[in-house]
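Protein chains in written order, with this note's numbering: chain A, 775 to 1043; chain B, 157 to 395.
Derived from the structure by calculation, the hints contain no laboratory data. Keep in mind it's a predicted model, so treat the numbers as computed, not measured. All residues carry an ideal CB built from backbone N, CA and C; glycine is no exception. A few of these clues could be false.
Claimed, not checked - What follows is a set of in silico ranges between Cβ atoms, one per label pair, in the way DEER data are often shown: (1) B:Arg216 / A:Ala979: 56 to 64 Å; (2) A:Tyr966 / B:Asp235: 50 to 58 Å; (3) A:Ala906 / B:Glu348: 53 to 61 Å.
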Amino acid sequence: MSELGDNASAFYAVIRRDFHVFLSYRTRLVSQALTSVFSLTLFYYVSRLVHVEGFTTPDRYFGFVVVGIALVGVLYSCFSVSETIRQELVAGTFERLLLSPFGGIRGAVATTIFPLAYAFLLATITLTVGTAVFGLELHWSTVPLALPALVLALLAFLPFGLFFTALTIATKQANFGASWIIALLSIVGGLYFPIALLPEWAQLAAEVQPFTAATELLRNLLVDAPMETSVALALAKIVGFAELLVPLSLYALHRAIRLGQRRGTIIEY
Amino acid sequence: MSGVLTQADLEIAAPAPRPERPLPLSLRGVSKAWDKGRVPVLDRVDLDIEFGEKVRIAGRNGVGKTTLMRIAAGLIDPDEGRADAFGVSPVERPQLYQRLVSFLPAGDRGLYARISVRRQLDFCARIAMVPRREVAARVEEAIARFDLRELAERRVDRMSMGQRQRVRIAMTFLPRPDVVLLDEPLTSLDGEGAELLYGAVRELLDEGGAVLWCSPAGEHTAYHFDRTLMLEQGRLVAA
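Work the whole structure out from these sequences, hints included.
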């Protein structure tokens, strides 16, 4: 129990560290919230101008895309961890984590928590502004279910950040191709438009990652968008990806750190 | 002594041909070459540090002192040989090893620039797995012991190099380790800061801990060491 409590205390320390570093940049929340508002404005008017196949009204497409915008932030935050670890390597603070009983792996995992919580806050702001300013209609009876669904989805998304963190530790290059992956996932995950519009071969890519299922499920829960598959199948996919990818990503992180220690490159940046 | 190790731990962790009582720090046949085929920077180095002993390693710049310290800290692995603290290997039991050994790296790195000294120390205590109930007291103790009261709420990037070094030293001693590795600890310190460091070292040695101190050859210090060794061509020799 004490060991568990001390571990929880160390996780808390990392989250609080990230929170205080975040607070020290005073305009960050305002600037990022404004970016979301601008995106909402843009897509609100796009939804008025363009008729998108499969949507009966402009508001249906707007609801569809608002959830996509909210999830893009979550996607970015998953990948931002590798950039944070890169900065820690440069500052020598990752070394401090590595040479503590808490260790580098738990330190890296703990480093993912604040950005994800922050992305959740930004997503909430996006949905709130969408509802209050642009008349987004949330499906209130199922909105509370979106929270556990998002937590589950985060477990499936998190390994992508950890894989990139492992890559950063091994190559010293942050976000090695991450922006391409995010763009690709935004397309095949159906964040801005239905994947049915994609060519068939691209639709296959939609099935081999957890973003499509998570996006579809969250859209259904938040704005009552119809699902291509059943809720149970979407949940099974998300859980399956999480079960497979979480241990694999932790193993990759372990191997990257040990490789750096064996070669002596863990001290490089 | 921190009391982290139990007798059972020592019996399990101790390799067979060792002395009956595992030493605070032991390096055996440690070799490291930075490029394959080149002359190793460390060549089958052996070093034993006894309870209550303070050992200095000196040598010219680039001779491999920091590499030796990093291996002793468990940060990097040797190509050959091994490091142990109380018979515990940093590779086999990293979590336990890091409870026993604390490392002050050379330079001014390892601090979070934008958070205060007090938060920095709190962070350090928690990742060192200091029991939760003791964290606040340990932080206050470190602030008092290293005379950081006036700096406690100040951000690190608004402090002088000497003040930062004092914070780094406070973070090194805060978890109450049994073995402390100090790589050029006097860097940027004024006389008062150096006295605080000497006091912390003395206290650790009085409690049976051990200190490995590394500094360049010719560094002017009146500080007394139990042994001073020179690192030359990858080998440790008596100074």
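Check each numbered hint against the structure and report the violated ones by number, ascending. Result: no hint breaks.
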